[in-house]
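Protein chains: 2
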Amino acid sequence: MEKPFVEACFSPAIFSRHNCSGVNVVVIDIFRASSAICAAFENGAGMIIPVREVEEARQYKEKGFLVAAERDGIVLDFADFGNSPFNFTPERIKDRTIAYSTTNGTKIIEMTSGSHTTAIGSFLNISALVSWLISERRDVLLFCAGWKDKFNLEDTVCAGAIASRLLESGEFRTICDSVHAAIDLWKLAEPDPLKYIQKAAHRSRLRDKGLDDCIEFCLKPDFTEIIPVVKDGNLVPFKP
Amino acid sequence: MEKPFVEACFSPAIFSRHNCSGVNVVVIDIFRASSAICAAFENGAGMIIPVREVEEARQYKEKGFLVAAERDGIVLDFADFGNSPFNFTPERIKDRTIAYSTTNGTKIIEMTSGSHTTAIGSFLNISALVSWLISERRDVLLFCAGWKDKFNLEDTVCAGAIASRLLESGEFRTICDSVHAAIDLWKLAEPDPLKYIQKAAHRSRLRDKGLDDCIEFCLKPDFTEIIPVVKDGNLVPFKP
Numbered sequence: 001m002e003k004p005f006v007e008a009c010f011s012p013a014i015f016s017r018h019n020c021s022g023v024n025v026v027v028i029d030i031f032r033a034s035s036a037i038c039a040a041f042e043n044g045a046g047m048i049i050p051v052r053e054v055e056e057a058r059q060y061k062e063k064g065f066l067v068a069a070e071r072d073g074i075v076l077d078f079a080d081f082g083n084s085p086f087n088f089t090p091e092r093i094k095d096r097t098i099a100y101s102t103t104n105g106t107k108i109i110e111m112t113s114g115s116h117t118t119a120i121g122s123f124l125n126i127s128a129l130v131s132w133l134i135s136e137r138r139d140v141l142l143f144c145a146g147w148k149d150k151f152n153l154e155d156t157v158c159a160g161a162i163a164s165r166l167l168e169s170g171e172f173r174t175i176c177d178s179v180h181a182a183i184d185l186w187k188l189a190e191p192d193p194l195k196y197i198q199k200a201a202h203r204s205r206l207r208d209k210g211l212d213d214c215i216e217f218c219l220k221p222d223f224t225e226i227i228p229v230v231k232d233g234n235l236v237p238f239k240p
Numbered sequence: 001m002e003k004p005f006v007e008a009c010f011s012p013a014i015f016s017r018h019n020c021s022g023v024n025v026v027v028i029d030i031f032r033a034s035s036a037i038c039a040a041f042e043n044g045a046g047m048i049i050p051v052r053e054v055e056e057a058r059q060y061k062e063k064g065f066l067v068a069a070e071r072d073g074i075v076l077d078f079a080d081f082g083n084s085p086f087n088f089t090p091e092r093i094k095d096r097t098i099a100y101s102t103t104n105g106t107k108i109i110e111m112t113s114g115s116h117t118t119a120i121g122s123f124l125n126i127s128a129l130v131s132w133l134i135s136e137r138r139d140v141l142l143f144c145a146g147w148k149d150k151f152n153l154e155d156t157v158c159a160g161a162i163a164s165r166l167l168e169s170g171e172f173r174t175i176c177d178s179v180h181a182a183i184d185l186w187k188l189a190e191p192d193p194l195k196y197i198q199k200a201a202h203r204s205r206l207r208d209k210g211l212d213d214c215i216e217f218c219l220k221p222d223f224t225e226i227i228p229v230v231k232d233g234n235l236v237p238f239k240p
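For the record, the sequence lines run as chains A and B.
To convert, note that position 37 of the first sequence is 37 in our numbering; the numbers rise steadily by one, no gaps.
To convert, note that position 240 of the second sequence is 240 in our numbering; the numbers rise steadily by one, no gaps.
Please note that the accuracy of each hint is not assured.
Identical copies go unnamed one by one, so any copy, or any two together, can satisfy a pair.
The calculated DSSO-like cross-link candidates involving lysine-lysine, where the alpha carbons are at most 27 Å apart (straight line), are [what the hints assert, rightly or not]:
1. Lys187 / Lys199
2. Lys148 / Lys107
3. Lys195 / Lys3
4. Lys63 / Lys209
5. Lys220 / Lys195
6. Lys239 / Lys63
7. Lys3 / Lys148
8. Lys63 / Lys107
These aren't lab readings, by the way, just hints derived from the structure by calculation.
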């Protein structure tokens with residue numbers, strides 16, 4: 001059997017040029033959505049409902065759900081907490097269903113509806129994710145969320161870390177320039193990811209809003225062995 | 001006065017997220033369109049008309065223009081020659097107007113119609129281009145043509161080479177992750193660009209079609225001091 005391919009996509013605007021039918025898609029948005037989702041499941045969340053509109057999030061709150069929602073770094077008045085991974089503590093969220101407000105994330109999850117499986121990737125679950133992808137023997141598309149449809153450095157570096165492990169396993173191949181670039185950038189970042197990521201524009205945006213306390217945490221591998229996957233549009237924990 | 005910004009765009013699919021109004025846009029498509037256009041003007045071409053459709057190219061031929069046109073590496077039967085930079089020799093093209101068939105290139109030139117100036121960039125004119133951009137004291141957007149709307153390595157590396165010179169001049173600044181990534185990839189490629197580019201997917205595509213004889217030429221800096229610029233939708237030579 002031929003080895004499966006690994007590809008990377010640097011922007012939702014490019015996603016339609018990739019074939020995701022029958023492919024395992026990994027959504028990467030490490031500052032902060034995909035890291036927060038991984039942390040939430042490690043801390044016992046039962047399910048996460050991605051919510052596009054603020055009004056929809058408010059309705060979930062009225063129905064008794066926990067709601068994580070912020071706009072421009074300000075926690076919305078009706079929400080239980082914001083979108084930082086540090087908010088999803090066991091005492092708050094164990095066995096609860098959380099409505100997680102993310103306009104971009106919801107859009108991205110909808111875009112991947114033709115995939116075999118859509119999983120959430122970050123440094124926090126990288127080893128478990130890579131092992132599972134290898135065991136699947138199926139094409140992989142690493143889908144970087146980017147920032148307002150533009151390329152971003154932090155998601156690319158994470159995609160490079162995942163891709164380099166997949167290729168080094170000997171179980172995958174690639175003919176994708178985005179994968180080559182992501183791996184080369186990851187190799188530059190690998191000795192000190194926190195230092196490398198200082199130049200990322202979104203790093204500055206989070207700092208300006210006082211939301212950068214979780215950056216170091218988001219770059220640390222293997223906080224969890226859980227792989228969040230999309231099921232019927234919602235996120236559920238999966239442990240292979 | 002504040003220093004102007006340099007940004008990079010890795011795909012036509014992302015271009016609309018960038019502001020190009022009043023900006024100097026540099027279109028980069030080094031294998032082979034932007035290199036061929038630079039070579040053509042150095043060898044004396046008077047004007048190049050970018051042509052989107054094959055039928056339109058045929059009409060230009062009937063009107064007596066020189067026509068460069070190929071599809072999938074095969075020179076079209078009515079055309080004078082194909083799209084390789086080696087085809088644009090002085091004896092063929094001096095003072096002639098050439099209709100150059102390029103679907104993607106024509107689309108990209110139309111997309112940049114709101115720019116201050118749209119110029120064609122490649123390694124072949126890099127020093128002249130950089131000097132001119134510095135003298136302009138105006139924001140710059142490095143627009144990589146990519147491949148079927150996807151990221152490609154060779155245009156990114158060229159954008160990185162241009163961006164690193166602009167920033168090293170001390171006359172520009174950036175807050176663009178694409179610029180940081182392009183520069184880091186260029187620094188990896190710089191010691192031996194030909195070797196680095198071996199892994200590029202389009203490098204393989206050209207080799208498979210026997211069109212890769214010009215790769216080394218396309219990576220060589222400063223074949224010309226001419227900067228092709230767009231004027232009324234056509235390309236004309238500009239020497240600052």
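Legend entry - Violations among the numbered hints: 4, 6
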